[in-house]
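Trainee: Chain order of the listed sequences is E and L.
The opening residue of the first sequence carries number 1 in UniProt numbering; numbering runs sequentially from there.
The opening residue of the second sequence carries number 1 in UniProt numbering; numbering runs sequentially from there.
It should be emphasised that the hints constitute simulated quantities derived from the structure, not laboratory data.
Accuracy of the hints is not assured; some may be wrong.
Copies of the same chain look alike in the list, so a pair counts if it works inside one copy or between any two.
Said to hold, decoys possible - Here are the simulated DSBU-like cross-link-like pairs (lysine-lysine), alpha carbons at most 35 Å apart as the crow flies:
{"#": "1", "residue 1": "8", "residue 2": "260"}
{"#": "2", "residue 1": "579", "residue 2": "566"}
{"#": "3", "residue 1": "509", "residue 2": "566"}
{"#": "4", "residue 1": "491", "residue 2": "509"}
{"#": "5", "residue 1": "607", "residue 2": "509"}
{"#": "6", "residue 1": "8", "residue 2": "433"}
{"#": "7", "residue 1": "8", "residue 2": "566"}
{"#": "8", "residue 1": "171", "residue 2": "518"}
{"#": "9", "residue 1": "55", "residue 2": "260"}
{"#": "10", "residue 1": "8", "residue 2": "171"}
{"#": "11", "residue 1": "283", "residue 2": "55"}
{"#": "12", "residue 1": "566", "residue 2": "283"}
{"#": "13", "residue 1": "8", "residue 2": "55"}
2 protein chains.
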Amino acid sequence: MDFSDELKPADPQGPDILRQERVSSGLDAAQLARHLLHRDGFLERQAKILSIIEKRPLFNKKNLLNLARPHRYHIALARSKELRRLSLQHGWSLQDFKMAEWLVGEVNPYSLHTVMFMTSIREQANEEQLKLWQPRVDSWEIIGCYSQTELGHGSNVRGVETQAIWNSETKDFTIHSPTLTAAKWWNGSLGRTANHAIIIAQLMLPENGKLVSYGPHQFVAQIRDMKTNKPLEGLVIGDINAKVGYAGMDNGYMLFKNFKIPHSALLSRHTGITLDGKYIKPKNQAIVYGSMTFVRAQIIMDCRMGLGRACTIAVRYLSIRRQFADRDGSSPEELAVLNYPSVQMRVLPLLATVYALHYTGESMFNLYWATRSSVDKGDFSRLAELHAASSGLKSCCTLLVADGNEVCRRALGGHGFAGASGMIPITTDHLDKPTVEGDSFMISQQTASYLIKRVESCVKSTEASVGEPVDHHIRAFLQGSGPRHYDIYNKDSDILDAFRYRFAYLAHKAYQGRVEQKQSWTSLMVSLHRLSQAWSECILIENFYNAMFGARPDPPIAEATHTVLKDVFRLFALSTIDKQGTEFVVSGALRPEQLADLTPTIQRIMKAVRPHAVPLMDAFSIPDYLLDSALGRYDGDVYRAMWQRSHLENPLNVEIFNPDFRSEEIIMGEGEETARKRLEAMANGTFGHEQRLAPRAKI
Amino acid sequence: MDFSDELKPADPQGPDILRQERVSSGLDAAQLARHLLHRDGFLERQAKILSIIEKRPLFNKKNLLNLARPHRYHIALARSKELRRLSLQHGWSLQDFKMAEWLVGEVNPYSLHTVMFMTSIREQANEEQLKLWQPRVDSWEIIGCYSQTELGHGSNVRGVETQAIWNSETKDFTIHSPTLTAAKWWNGSLGRTANHAIIIAQLMLPENGKLVSYGPHQFVAQIRDMKTNKPLEGLVIGDINAKVGYAGMDNGYMLFKNFKIPHSALLSRHTGITLDGKYIKPKNQAIVYGSMTFVRAQIIMDCRMGLGRACTIAVRYLSIRRQFADRDGSSPEELAVLNYPSVQMRVLPLLATVYALHYTGESMFNLYWATRSSVDKGDFSRLAELHAASSGLKSCCTLLVADGNEVCRRALGGHGFAGASGMIPITTDHLDKPTVEGDSFMISQQTASYLIKRVESCVKSTEASVGEPVDHHIRAFLQGSGPRHYDIYNKDSDILDAFRYRFAYLAHKAYQGRVEQKQSWTSLMVSLHRLSQAWSECILIENFYNAMFGARPDPPIAEATHTVLKDVFRLFALSTIDKQGTEFVVSGALRPEQLADLTPTIQRIMKAVRPHAVPLMDAFSIPDYLLDSALGRYDGDVYRAMWQRSHLENPLNVEIFNPDFRSEEIIMGEGEETARKRLEAMANGTFGHEQRLAPRAKI
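Taking the hints into account, I'd like the entire structure generated from these sequences.
Mentor: In structure tokens, the structure reads:
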């Protein structure tokens, strides 16, 4: 008890403000939530899992940001175990488990087991291998990881240096790291946890006395002793040390010295070698990397919530926060920060982006499963489109989220820099997304390459019946005569057409440069990335447009809500044009004079969207437990929550310190010698485990 | 010893690559360094201080990222003390001390003492107060902080709620917090360290039976007991808890309950009250906030090195990193990543930005001191310009740095996410800069307001002799007839003119909206921010242009270097236009068709700059100790350094863990009970100081 207990925040009170925001908008957030999140019973599942984990002490988040990184791993491992036990106890499905992981809000050391390891076994193992591995994987008797990226090679998977050499006599493989850069690196769950791994290595077969590489293949192998959890002989394994985010995850490294694995370790559903060392070619190369496409599709589907968390926090807090009175007004009362156009301009287009990401995530989900089911029936015709779209969208959407989260954080002002904002895990744990599973500035080439091929095909054949969905828009461009000037301010369908025209223009230009003028691929890279972005933005616009102006929204929403969402669509579209106005003008989709109306029109739309901002984000139903934000609480009691976290929950405030520079004492009264010893251990990395130091460790 | 000791990275070796880069460029980095960093003997000072601190164990950085946030404060406090002791031992000047702080690379708990506290005393105290405080401040007998921002008020300083009520009878002040939101918040060095504070509070004088506020004023007061370092009676003080960056700094909160301070506590150089309670008005209001302008100017001057660190790391590592062979080439050898235009497009314009920031930093330094010396002579004529330029540039430059650092980090690919990249302190500790000392989207209004006034004055009077330096360009715009189409690709002076024309156009438009059409200030905010950015970019261009094409560079540089720097200027200018092409077209500074040539021209210039990228960043002379980056080392031995940090210096690798979910054990062999207890303490914040828990702490 101290006198702070008697104080309350200055009026108006946050809870009153948010209550008023919700009432005066009148938008039915619960109905909109069912429209957005109906698939697979998301809302019910979230409520079910939340009620189980929220109150368990181990899942309390309040002290996470004050833990040393090694201890974040301790906590994350303990939570992973608990989630697995809860799974069994409550009979959770894999989806239930993933919901729990999502609510806990951190990437955990078992993550790779349930994603890449399981997927690789399921998709790449032949029947015999499945029989052997599947039960052990599903029961978590073994914990697996996925070991692909190396210290010297990331995006260029074909360049991995790790070798899997076939030994004709002993009928087994030797896995070997020829250099230091061949060290497996960044592999999640490998550092301290997993006892098994999918290992990607160059398959090397002896032919005519020398080794010939058949490119990277997947092998499954045990890597740690099942009793001691120490690396097996011939392996050096460890955690790669601290990172920007992912504190609880043990991203690891691994080196091999003549490490033997049996013939059966090569995952052989689509490829393999016979026992006499003959290579079996996969029927369709694309299938081998199917799990990569799945992961990219998954990343795209996750984007809406990635940015949604930040927007929820921003919209709620900025409705509550007051700053400055109206310069032209007579009232001394300060205005809500979200009422300033200079703040709206940063936050509301991102709110609109969350909706755009939502509808494209749904559409990517449908495309992925439709393609999968065609592939299972032997029809590979949509694989190229899926691959191109998932690469381009992964690149585009992850950049939108990573940049958008930081824009939201800065819009929060000073408190956005505080841990209490809840923004630290949101920003740090999403900053890897533009990089992982294919760097966003690299894989966009795959999309551009697809589009150039489509233009080439359209130029060759004018028959509209042949080809891919995208051909339609390319043909329309090729057949048109010169620039169109779309009426983006008055016709919604013109917005879509403008985006189509602009990407077709860029695709055609890339085709001209590459195919007609034979320019080098490298010299075109900047425009190829821009092309991929332009097509991806067009897909985002198209999916959003179809959801608004195609069939009736399903599940249904009230007409008033639908009207607001149409404005949200326009806001997303026009602010996207605003960022790349030059391309729309140069392509001829817009007249230069039209650009002058962009900002005023966007401001007008924002005025219409602003009153609904709070319920528009409420609809994404992100629970307070996941947000873990004093600023973004559903109830709006911001300042009391800030005070709670600082004054009552901060471990630094438990100690009194000695500020006198003449003394080496740090904690008041501890004495100089105690301080010196502790600081020494902190500086050299032995603090906290002085007794357990292995002889190897020179740290 | 294990078999990894025998391995080396695949060829080519990093050190060979960087050696070759430096030789083949031929640019004299040492000469360029003297040109850039001659002022105040920067290079000599850096070498002197570095040699003293680099080898001291306490200043070793290797384990920082693995420490809990409370322990980061322990280390930072210990280092601060050591730096102060070294200061005395070696007779360091304040500049020497600041150099040491910069090299250590973290904001420390004494920082506010040497900046805002000292400055306020020096600039706001009257002679009597100076006599009392200055010696105690200079000797560090007391440690001070600056307590302005509150939980509920940041940018709007006039809105602070803390009251300083004059008691006519006892002739003293009562400092009081009427609400929870009145809590002082974010104040650096306040949380655990400082025993004194400059307190900003509303000066309240009793007049005719009620209290009248005279606005925020500065008071100096003791806040903690000099022996126990506990808060004085009537105060609640603490650290606000973890943040995005600044782990070593104790940003604090403070509440006052009828806290008495004497009449002499009100800093009274420019203002004050008489002993009978009469207010003494300051002669010039601008002077009172002089230290704010100084801090903004300082932030602008620091920007070059803020972004310079990231660019140094990016340029070196991306020259070494190989990825993919040339798609059109016959060689299987992989290309240096920095040779890809899609990477150059992100990194080289930022290299150019570092140079732009450098020349504007120097110019801001000159403007600041010239204005200060005029003010001391009673001439306030340049204050308005200084204030407007420092606000606009602070806004513009800090955004360039914060965004640019993250662009560099992502360009590093996967390893940019690693702590070993050295990017974590660079990004996190600079992300506050767009927010602190005036939010970048807020203070830009002050710049716009100044420019609107200048247009107004130019419209009223055509006499060229009256007015401010900026009037010249506004007049040129007003007198011209319609759009100019500047030849930015062939004439360097046209680049400068295009930037001048564009800001004058926006300034005139803002004037029309505000003055002629009487539009509300709020509705104009988006364009006002854009105007401030446009003028600030123009200042950046102008200073860079003058350095290149004005008088001969001083100290001199070789002709070959000068030629490269001119390309660096063009690269900065054209890529800045590229980001805001729309504005240049809409204003009429460029024809729409000109935009189509931007990317090809930028790519051509980048080709010319690329061979010199390494020495261009070497010239900023940022030592390895400060960079603390395996990727950005001067010698280029990247992969061995990565291995060292992961395999030999990672405390997480000291323990073996139990991955079996059926057991609650975490560290192998510790038993379930031990694990449970540790995890519980970690989750609730008592871990590490179980014995010292104060009774108050409910954590």
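Trainee: Evaluate each hint against the coordinates.
Mentor: How the hints compare with the structure:
no., hint, verdict
1, 8 / 260, "between (68 Å within a copy, 22 Å between copies)"
2, 579 / 566, "both (20 Å within a copy, 29 Å between copies)"
3, 509 / 566, "both (32 Å within a copy, 31 Å between copies)"
4, 491 / 509, "both (27 Å within a copy, 28 Å between copies)"
5, 607 / 509, "between (38 Å within a copy, 22 Å between copies)"
6, 8 / 433, "between (41 Å within a copy, 30 Å between copies)"
7, 8 / 566, "neither (40 Å within a copy, 59 Å between copies)"
8, 171 / 518, "neither (48 Å within a copy, 86 Å between copies)"
9, 55 / 260, "neither (47 Å within a copy, 45 Å between copies)"
10, 8 / 171, "between (76 Å within a copy, 30 Å between copies)"
11, 283 / 55, "neither (51 Å within a copy, 60 Å between copies)"
12, 566 / 283, "neither (46 Å within a copy, 56 Å between copies)"
13, 8 / 55, "within (27 Å within a copy, 50 Å between copies)"
Of the hints listed earlier, those the structure fails to meet are numbers 7, 8, 9, 11 and 12, in rising order.
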